[in-house]
Amino acid sequence: MMNWLGKTALVGALVCLGLPANAQTCSLLRVVEGKGAYSVQKKVSAASTPVSPSNWNTDFAVSNGRRFSRYAATVRAKNGGVYNIQMNLKYANRTSDKVFDQKVTLKDGESVNISGSPRLNAEPYQVNVVVGGIPVTGNAYTVVASGCP
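My numbering applies: residue 1 is where the sequence shown begins, and numbers increase by one.
Derived by calculation from the structure, the hints in this document are not laboratory data.
It is possible that some hints are incorrect.
Taking CB as the label site, the calculated pair distances span [stated by the list, open to error]:
no., residue 1, residue 2, range
1, Tyr-125, Thr-105, 27 to 33 Å
2, Leu-120, Lys-35, 33 to 39 Å
3, Ala-140, Ser-63, 26 to 32 Å
Computed from a predicted model, the values in this text were never measured in an experiment.
Positions of the beta carbon are idealized from the N, C-alpha and C atoms, including for glycine.
Let the sequences and hints guide you as you build the complete structure.
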């Protein structure tokens, strides 16, 4: 079984391999409430209800003072299916931009790389990646995000 550091290095390599050569200087972003982790593995929960929220959202922190021209995320499905995937850039003024929103069909072990750019003259403080969908409830996936110059 692979330890935490090995998993983080592997996921980081997957993000970099999915990027063009000139963008491979991207910096991994830490998972908010992830105890220093750069990636998170989850199982898709049931959809939200008024009394039970879903676990479809994962937030990644952008370090203060870091300026990136693009933000990227890689979602790797352990189980195949049609996933609803979104990426949102969250700003300090309590607004956000949805930079990716698609249904993506993934096979077992397959990854998808997504990216989006921030507003001109504004830097997000978090990258929010949403992975879910009723048809994939119970499926497992890993997600990692990065900022790219």
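Taking the hints in turn, this is what the structure says about them:
no.	hint	verdict
1	Tyr-125 x Thr-105: 27 to 33 Å	holds (32 Å)
2	Leu-120 x Lys-35: 33 to 39 Å	holds (34 Å)
3	Ala-140 x Ser-63: 26 to 32 Å	holds (29 Å)
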